[in-house]
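Student: Turn these sequences into a full structure, and let the hints steer you where they fit.
In my numbering, the protein residues as written are 26 to 94.
Rather than coming from a laboratory, the hints here were simulated on the basis of the structure. Where is the CB? At the ideal position from N, CA and C, for every residue including glycine.
Cβ pair distances, simulated, as ranges: (1) A69 <-> N89: 32 to 40 Å; (2) E30 <-> A82: 20 to 28 Å; (3) A56 <-> L84: 17 to 25 Å; (4) A69 <-> R91: 30 to 38 Å; (5) V36 <-> N57: 12 to 20 Å; (6) G90 <-> S28: 26 to 34 Å; (7) N89 <-> R68: 28 to 36 Å; (8) K66 <-> I31: 13 to 21 Å; (9) E30 <-> N89: 25 to 33 Å; (10) G76 <-> S38: 15 to 23 Å.
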Amino acid sequence: MSSQEIVSAFVTSSYSGGGSANECVEVAHTANGGRAVRDSKDRAAGTQFHGPEAWGAFLGALKNGRLGG
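Tutor: Structure below.
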């Protein structure tokens, strides 16, 4: 299996807003334990792939408030 092989369905992030919000992010699991991320409004724009270490670091930064806007 390729590390970029998507092994689950894409699901919309619970943080995507909803309603009239335009932030629509979808995430799926990859074969290597990472994640594939795409914009649900523009799927033709492509998919970003993140390995398990990078995804874990991203989630850790979110949980610890290091990615504040």
